[in-house]
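Protein chains: 2
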Amino acid sequence: MTIADTARQARRASTRLAAAGAEQKNAALTAIRDALRENSEAIIQANSEDIAQAQRDNLAKPLLKRLKFDAAKIDEACAGLDSLIALADPVGKTLAATELDAGLELYKVTCPIGVIGVIFESRPDALVQISSLCLKSGNAVLLKGGSEAARTNRILAETITRAAASAKLPDGWLGLLETRADVAGMLALDEDIDLIIPRGSNEFVRHIMDNTRIPVLGHADGICHVYVDAAADTEMAVKVAADSKCQYVAVCNAAETLLVHRDIAADFLPAFKTRMDARGVELRGCAKTAGIIACAAAGEQDWRTEYLDNILAVRVVDSLDAAVEHINTYGSAHTDAIVTADRRAAMRFMDTVDSADVFWNASTRFSDGFRYGLGAEVGISTNKIHARGPVGMEGLLIYQWRLIGSGHIAADYTGPDAKSFTHKTLQKDWES
Amino acid sequence: MTIADTARQARRASTRLAAAGAEQKNAALTAIRDALRENSEAIIQANSEDIAQAQRDNLAKPLLKRLKFDAAKIDEACAGLDSLIALADPVGKTLAATELDAGLELYKVTCPIGVIGVIFESRPDALVQISSLCLKSGNAVLLKGGSEAARTNRILAETITRAAASAKLPDGWLGLLETRADVAGMLALDEDIDLIIPRGSNEFVRHIMDNTRIPVLGHADGICHVYVDAAADTEMAVKVAADSKCQYVAVCNAAETLLVHRDIAADFLPAFKTRMDARGVELRGCAKTAGIIACAAAGEQDWRTEYLDNILAVRVVDSLDAAVEHINTYGSAHTDAIVTADRRAAMRFMDTVDSADVFWNASTRFSDGFRYGLGAEVGISTNKIHARGPVGMEGLLIYQWRLIGSGHIAADYTGPDAKSFTHKTLQKDWES
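Heads up: the protein sequence lines correspond to chains A and B, in order.
In our numbering, each residue carries its 1-based index in the first sequence increased by 259.
In our numbering, each residue carries its 1-based index in the second sequence increased by 259.
Because the hints were derived from the structure by calculation, they are not lab data.
Positions of the beta carbon are idealized from the N, C-alpha and C atoms, including for glycine.
Check each hint, because a few of them may be wrong.
[Stated by the list, open to error] Covered by chain B, per the in silico footprint, the following chain A stretches (three or more residues, Cβ under 8 Å):
#, segment
1, 357-368
2, 613-627
3, 651-660
[Said to hold, decoys possible] Here are the simulated lysine-lysine pairs, PhoX-like style, with alpha carbons at most 25 Å apart:
#, chain 1, residue 1, chain 2, residue 2
4, B, Lys687, A, Lys352
5, B, Lys687, A, Lys687
6, B, Lys332, A, Lys678
7, A, Lys367, B, Lys367
8, A, Lys683, A, Lys367
Using the sequences and the hints, build the whole thing.
Spelled out as structure tokens, the structure:
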């Protein structure tokens, strides 16, 4: 089967999956959970073959760790399925109900988006998580995992597909892609794929965004800022900035640039440098920063760099507005924080920083679907439409307008004897 | 100024406009309304020059009519501004509030998208409507109107800009583009334009969609269907199908294909043909249709054609599922209706037709922002993300996550002594 066939089959399956009720979808999720348990030996065996191969190929340690899918990971995946089963059906919820006229009622009802294409790295647990999120939200899914995890992904996809079929889910709702050519092929299928979610490195995500007309949900860069305002408590500022930079440097919500108001710089920077020295973080500062603490020189290029490492760019700014201007110019509209005791300054910062997540006296590292309480995270989006910041299952949904009449026609609402619309808000669900 | 400069200036203005309060925005809208009244003579004069030129250029009658911007149109525009002023500020609404932990509160707050690019046809009233909708929702806007309306658009944009400046709106929040080259330039500015809304012909919208990486809100085709189910009331079916086809043939929500269940075809089709003959509508039918009524032959190409004329394709289908399959294959995911007395059939139709608007016993012509009670319509979208179907001001909004802590850091929530998140839903607004 070509990738176009797989996508076409997913499109067909998606319309049937959209109509599947909560019971059927939960039965499928339960069957998947049980099948993962029953097949655990074979899954672990396939995974250990992937790992052995990866070791022969000298895969880097962190990637090897991500690749591992053992009994503990299977337990985690099953627990994730249990919490998904416990969730209310997100499809078919009435978002708005309006009487247009007597007996003519309009409902805005949640529904799945359709066919989701997901491209992810080596972690096989992502395959289970994403396919089950898509199932619960009624979406068909095309998955492409890392080639290092090919054996694990194949047995997981087979296990999930077979279990779902036992609950009579339509064939083809889950398609597993295995080659790079498949990914390239997928990007051209804007007729049959509605949304692409790429998880991976900046370059990879950027490549996807640049090479498809399909909407992409995700983020390329994560150039996050902490701005230490004139009215900041120095100790709190050191704590929040240090956590934003150091708590985990290799992730998109770690701070890459620190902005410091000139009135607090002489107080704050020395204390902060002591902390950074202790954590082994290299500071690269502007000229004003270098006038206060010893540091390497930072320039234009640093403001645009996502280090993902123990390096932090530092710039002294003349005002809150200058900080905002810097963030809106060089940032990636991901997550930016202000530390200040001045409520008005905080409000102005949040009103004018054009980022998905704006924080006041809190670490940028909180920007995460689990920490936000969204449940499983679909991804983090720096898009300006549809879904922004950490995205939970909600990001896999859209709505449909459903109008129910009894032979109503538009001609009756035009001309000299036109009937009027009532446009009355109804307090009822669409199926009632 | 180049188009890139105009867009950059709009981007700058957008962050300030995002922070503008309801009072300031309403003051600007009021000033715009008053200025339109005060300048009405000059505006009408400019418009009559456009019209004179268009007459010399032999512009088609319907286009001439759309081009007209007289005293009545100015009154309409002012009334539109009044109702916009009366609306609550759509920005800063709390969509969700969650306590992550004691003193750490997360708010999901509505905000403008940023910079909207709008390309519209000859109607100058669209310029007033769209720019005021953008203002109310806090968005900067780049507008390109039809060249026939150049003089009218210029004086309207000047009037609006000057009035808004008197209410201290940031310079550059409204940019008027005047040439085709500007449109091409605009499509490349994905750094500074967040969303493009094209209003115009299918080919034009398709051209825009095919030539930009900026998200486009709109629809190219409107191939809408009416499906007459086996359990339909014949009289109601004739009425709904006739209205869907004939009430206004030149619009996107007019029906282009009629699907008829084989069990009702012999009853329904002759009655329907009588009605269509009276309305001067040509029917193009499949072989089964032609076996029942006299009609031209329809083929594959007809199922894909948006006639926008007094022509209707007709196909007899074997089942509801075959009708749905036809719609999902050939339709444009715009608006599709079923006529039936069978509730289960209607539910199945609405659950499986993958269109923005699905109607039961109502004309497809109701698919419209005004009829839906959405207020001014931004456009009709056949996208699968962000906004679907008729889109009101809501489509110009997105949200921002705002986290308020008191020095909270992520490190406290990991490791052996990790604090737990409370994830408690809060019943409060973010500014309270």
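Results for each hint:
1. Beta-carbon proximity to chain B at under 8 Å applies to 4 residues in the segment 357-368 of chain A; the threshold of 3 is reached and the given coverage holds.
2. Check result for the segment 613-627 of chain A against chain B: holds, 13 residues qualifying (beta carbon to beta carbon below 8 Å, three or more required).
3. For a cut-off of 8 Å, the count of residues in the segment 651-660 of chain A with a CB near a CB of chain B stands at 4, and the three-residue condition holds.
4. For the given pair, B:Lys687 sits about 23 Å from A:Lys352 by alpha-carbon distance, which is consistent with the 25 Å threshold.
5. Taking the CA atoms of B:Lys687 and A:Lys687, the gap is near 24 Å; set against the 25 Å cutoff, the hint holds.
6. Between B:Lys332 and A:Lys678 the alpha-carbon distance is near 23 Å, which keeps this suggested pair within the 25 Å criterion.
7. For a cut-off of 25 Å, the pair hint linking A:Lys367 to B:Lys367 stands: about 21 Å separates their Cα positions.
8. Between the alpha carbons of A:Lys683 and A:Lys367 the distance comes to roughly 14 Å, so the proposed pair stays at or under 25 Å and holds.
The structure agrees with every numbered hint stated previously.
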